[in-house]
Amino acid sequence: MNGEPFQQTADDAALVAALRAGDEQAFVTLVDRYNASMLRIARLYVRTPALAEEVVQETWLAVIQGIDRFEGRSSLKTWIMRILANRARTRGAREGRTVPFSALATADAAIGEASVEPERFRARDDGEWPYHWAAPPRDWPEERLLAGETLQVIGGALDELPESQRAVIRLRDVEGWDAEEVCEALQISAGNQRVLLHRARAKVRAALERYFMGDMATAA
Amino acid sequence: MSVLIDDITCRELVELVTDYLDGALSPADRERFEAHLQICDACVMYVDQLRSTVTAVGTLSEETLEPAARDELLRAFRDWHHKPPKPPNAPD
Chain A
1 MNGEPFQQTA DDAALVAALR AGDEQAFVTL VDRYNASMLR IARLYVRTPA
51 LAEEVVQETW LAVIQGIDRF EGRSSLKTWI MRILANRART RGAREGRTVP
101 FSALATADAA IGEASVEPER FRARDDGEWP YHWAAPPRDW PEERLLAGET
151 LQVIGGALDE LPESQRAVIR LRDVEGWDAE EVCEALQISA GNQRVLLHRA
201 RAKVRAALER YFMGDMATAA
Chain B
1 MSVLIDDITC RELVELVTDY LDGALSPADR ERFEAHLQIC DACVMYVDQL
51 RSTVTAVGTL SEETLEPAAR DELLRAFRDW HHKPPKPPNA PD
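First to last, the protein sequences are chains A and B.
Mapping to the working numbering: the first sequence position 205 is 205, numbers consecutive.
Mapping to the working numbering: the second sequence position 91 is 91, numbers consecutive.
Derived by calculation from the structure, the hints in this document are not laboratory data.
Idealized CB from N, CA, C, for every residue including glycine.
Please note that a few of the clues may not be correct.
[Stated by the list, open to error] Simulated coverage check for chain A against chain B, where a stretch passes if three residues somewhere in it have a Cβ under 8 Å from a Cβ of chain B:
no.: 1; region: 28-34
no.: 2; region: 52-62
no.: 3; region: 121-134
no.: 4; region: 139-149
no.: 5; region: 168-182
no.: 6; region: 192-202
Chain B extracted, bound-state conformation (with noise of 0.2 Å):
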C-alpha cells in the first residue's frame, strides 16, 4: 500500500480543516494531513487562522432570557410538580 502516491495538496487540505480539529479523519488521512504541515508553512498558517477565527466567534455573545419569560416557564415547573403523578399507563 503507498500512501506517498496520494500526497495531500493544499487545495486539498484547506477543505479539510474542520474535519482534521474534531478528529473526524481516517488515520490515513490525518496521517498525510499532519504530513503535509511538516513541510507546508503557508498551510500551518491557514490552520492557525482558522482556529484563531474560532476562538474569535467563540467571543462574540449570546442573548439571555427576557425575566417575563422565564418566569413564566417556572410557574409551569411548579404547577407540575404540585400535581399527583400521572397513573403509569397514562398517554402522553
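Looking at chain A on its own, in the form it has when it is part of the complex (with noise of 0.2 Å):
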C-alpha cells in the first residue's frame, strides 16, 4: 500500500531455507498453521469438501516441488494462498461451481448496505445537525465483552452472514491474516475485501449491541 518494496521476514526467510533443506518440522509448522483455513478457502471455490481436500493436498505438493522457485517478493503466506486460489479456482470451474466465489464477492460488495440503521440518524434536511445521530451507540459493558456467552452471541452473527462477508471476517479478524493474504486468497480485489470486511464487522456490533442492551427480540 505504501510502494516500497516487499521486506522478507526472519521467519519467513528462516521457513523457507528450512523447507528447501528438506526439514519435516518447517513444513509441519506450516502445515498446522495453514491448513484448516485453505480448507475452508478451497470450499468456496469447490462443491464438496472431499474436493477441498484434494485441492489443498494438491497446493501443499506445489508448494513443497515449487519451493526453490519461491522469491520472497511476497510473504510466503500470500505464495501458498495465490497456489491455493489458482488450483482452486480452477477445479471448481472444470467441477462448475454454480458461480465462482469472486463473482459472488464482488456481487455482495457492489450491493448498498447500511452499517447501521438509517433510522438512528437524523434526515438529510435536519435544520441542526443533518445524519448526525439521532439515537447514538451507548456504552458496552467491556467486562462482558470476553465473556462465554458474549463470544457465542459473536458465533451466531458470523454463522448469520452471508459468505462472502463470513469468509472476510474469519480470516482478517477471527486468523488475523492482512488483506494481502486475504485477496489472494479469496481473487478479490482490496476496496471489496475492505467493503466486505466492514459489513461483517458492522453485523457483529450490532448483534453485540441488541446483546448488550437487551433487545433480544430481535437476536433469536
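Hey, can you piece these two chains together into the complex? The hints should help.
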C-alpha cells in the first residue's frame, strides 16, 4: 500500500531455507498454521469437502515442489494462498460450482448496505445536525465483552453473515491475516475486501449491541 | 481548496471505520474523519465499539488439523525430498 518494496521477514526466510533443506518440522509448522484455513477457503471454490481436501493436498505438493522457485517478493503465506486460489479456481470451474466465489463476493460488495440502520440518524434536511446521530450508541459493559456467552453471540452473528462477508471476517479478524493475504486467497480486490469486512464487522457490532442492550427480540 | 464545506457526517463516518483502521483513507479523508471524532462523542464510541468487536472476534478459536491428515502430508513431503530433483526443463 505504501509502495515500498516487500521486505521478507526473518521467520519467512528461515522457513524457506528449512523447507529447501527438507526439514520436516518446518513443513509441519506451515501445515499446522494454514491447513484448516486453506480447507475452508478451498470450500468456497469447489462443491464438496472431498474436493476441497484434494485441492489443498495438491497445493501443499505444489508448495513443496515449487519452494526452490519462491523468490520472496511476497510473504510465503501470500504465495501459498495464490497457489491455493489458482488451483481451487481451476478445479471449481471444471467441476462447475454454479457461481465462482470471487464473482459472488464482487456482486455482494456492490450492493448498498448500511452499517447502522438509517433511522438512527437525523434526516438529511435536519436544520441543526443533518445526518448526525438521533439514537447514538450507548456504552457497553466492557467486562462482558470476552465472556463465554458473548463469544457465542459473536459466533452466532458470524453464522448469519452472507458467505462472502463471513469468509473475509474469519480470515482477517478470527485468524488475523493481513489484507493482501485475504485478497490473494479469495481473489478479490482490496476495495471489495474492505467493503465486505466492514459490513461483517458492523453486523457483529450490531448483534453485540442488541445483546448488551437486552433487546433479544431480534437476536433470536 | 475548501475542506470545511465537506464536513463528514455521522452517517458517513460509520461507513468508513474499516477503511480508517486499515489506513486506506486518502490523507484528506483521514483528516476529515479525525476532525469529526474531535467533536463527536457518539462517533468516538462507535469507532471504539467496532474496535472492541474486532478484538472480541479475534478471540474465537480455530479448529486444528486432524493428525491423520497431517501424517499424510508429511509422507508426501518426505517422498518428495527423497526423489532426485527434476531436470530444469521438466513440466510442472
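Against the structure, the hints:
no.: 1; hint: 28-34; in the structure: holds (count 3)
no.: 2; hint: 52-62; in the structure: holds (count 5)
no.: 3; hint: 121-134; in the structure: holds (count 5)
no.: 4; hint: 139-149; in the structure: holds (count 5)
no.: 5; hint: 168-182; in the structure: holds (count 6)
no.: 6; hint: 192-202; in the structure: holds (count 5)
Of the hints listed earlier, there is not a single one the structure fails to meet.
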